[in-house]
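K.L.:
The primary structure of each chain is shown beneath.
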Amino acid sequence: MQVVGGINTGLRKVPAWLVYLGGLGWAAYLFWLGLSNQLGPEPINTLERLYGDVAIKLLILGLAVTPLRKWPGLNLMKFRRAIGLTAFGFVLAHFMVFAILDVQTLERGWTEIVKRPYVTIGMAGFLLLIPLALTSNNLSVRKLGGAGWRKLHKLTYAAALLGAVHYLWLVKGFQIEPVVFTALIVGLLLTRIKWSRARAVFA
Amino acid sequence: MAYRWKNDLTQADVTPKSMFLNRRQLMGGAAGLGLTAAAGGARAQDALEPNTLEEIRSYNNFYEFGTGKEDPARNAGGMVIDPWTITVDGLVDNPGEYSLASLLDGLTEEERIYRFRCVEAWSMVVPWNGYELADILAKVGVKSEAKYVAFETTVQPDVMIGVQRRVIPFPYVEGLRLDEAMHPLTMLATGIYGEPMAKQNGAPIRLVVPWKYGFKSIKSIVRISLVEEEPPASWNIINPREYGFYSNVNPTVDHPRWSQASERKIGGGLFATRQDTLMFNGYEAEVASLYEGMDLNEFY
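Protein sequence lines, in the order shown, are assigned to chains H and L. Under the working numbering, think of the first position of the first sequence as 1, with each following residue one higher. Under the working numbering, think of the first position of the second sequence as 1001, with each following residue one higher.
This is chain H alone, in the form it adopts within the complex (with noise of 0.2 Å):
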């Protein structure tokens, strides 16, 4: 617990604007690596899949932000929103290299969204994202009041989910990762149930 304790104590030194800062180098530094024909031979859907990964592993740690309050004691509270919002930045940059490089027209980002199952579900997630990011300040907050807010965020276990469902559906054969990722996020769901009451319910 010490080292949790001295890990707390360091991280409060920690602006929480660094993480926007590094998102956003982080971001820049990949379409640069694009643009200078570093990422290989096909670098739209290189950017497109590196900006996907950041994202959900973003969603994920954002979702691990209460348990790990909970249980290790570590606390990243004052962090959550800006690892939300970077979340939320790196799903809208998946989302403009998809729409933008990759597909290009209207029309065929249409067709796309509404035929492909995986698409479809990616983009329902990100709608699912919009009014969260929207709402991720404080002004927000007040009005919406707390209680409020709380309910109205909860839509990020959807969106992670959704993500998740994308991610699986969108490779071929079977791949390890997007199976990780979808078991954090479903443990890290697991972990908000009250099962005091769902015990009383199931009684």
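Just so you know, these hints were derived from the structure itself, not from any lab. We treat Cβ as the ideally placed atom computed from N, Cα and C, and that holds for glycine. Do not take every clue at face value.
[To be verified] Partial chain L-side listing against chain H, Cβ under 10 Å, derived: (1) TRP1122; (2) GLY1162; (3) VAL1167; (4) GLY1268.
Please build the complex by placing chain L on the supplied structure of chain H, with the hints as guidance.
P.N.:
Coordinates of chain L only, in the frame set by chain H:
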């Protein structure tokens, strides 16, 4: 007998060895054999710009060596390709275990510059070196009852990380109808740009069927069987709804997970534009007759 099909591109268009790694521009002239008259005409006049050897060797699907596009180049180094034995069996006059050299002995090697279209909606242009499959089949003698040709890829679990992880069932298998196999466009390739086939590209010998999606062009072949019934094909077994036995390039029949109407040619950078996919990958004039009377929506 070889040379049953003639390239749009001639020997004069082939880049000197020293320039392999430089991008090059090849113009497709009027096709030989008067084939331009039909539907192939539009594409025959297009510029066909072969991908660089580096691109061809660094962006591959070869699930025996992992699922990432860079994995085969990284992981295929340990595959043993010498000595190489190909088992020829089934309905043939001369079955047996052929060494690579004995199977190809006396046949004519050609260069064929073909479009290569992956089912994942990306494409390349590859200058293959190899042999018409028809010549090889003539050599082993096809019995009249044979209707299909089945192929099998080597399995070397010790050096194949994808086989260890059981990404898909192995060995990888593929098949062609006999008339497809005998078609002059169909070849067994042993090199690219005049260089021996790289391991990640399917060394030492692989199938090339340019009017079908890339996964039909099975790599690192160790068995060729002439059979009477339609043979199993790996992706068709794994997911029959997504991958048909024929898997002809067809912009009007979509894969359930991505559109086949357009494709992006590898090597165009971050702002590469998409191009329309052509029926039978631009080889409609040559191969459409093979499928006359077949509903291509049903036999996809």
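K.L.:
Each hint needs a verdict: does it hold in this structure or not?
P.N.:
The hints, checked one at a time:
1. Satisfaction of the interface hint for L/TRP1122 is found here, the shortest Cβ-Cβ separation to chain H being roughly 6 Å, below the 10 Å cut-off.
2. For L/GLY1162, the suggested interface contact is upheld, since its CB lies about 8 Å from the closest CB of chain H, less than 10 Å.
3. Taken as an interface hint, L/VAL1167 checks out: its beta carbon lies about 4 Å from the nearest beta carbon of chain H, inside 10 Å.
4. The restraint placing L/GLY1268 at the interface with chain H holds, with a minimum CB-CB distance near 8 Å, inside the 10 Å limit.
Violated hints: none; the structure is consistent with every hint.
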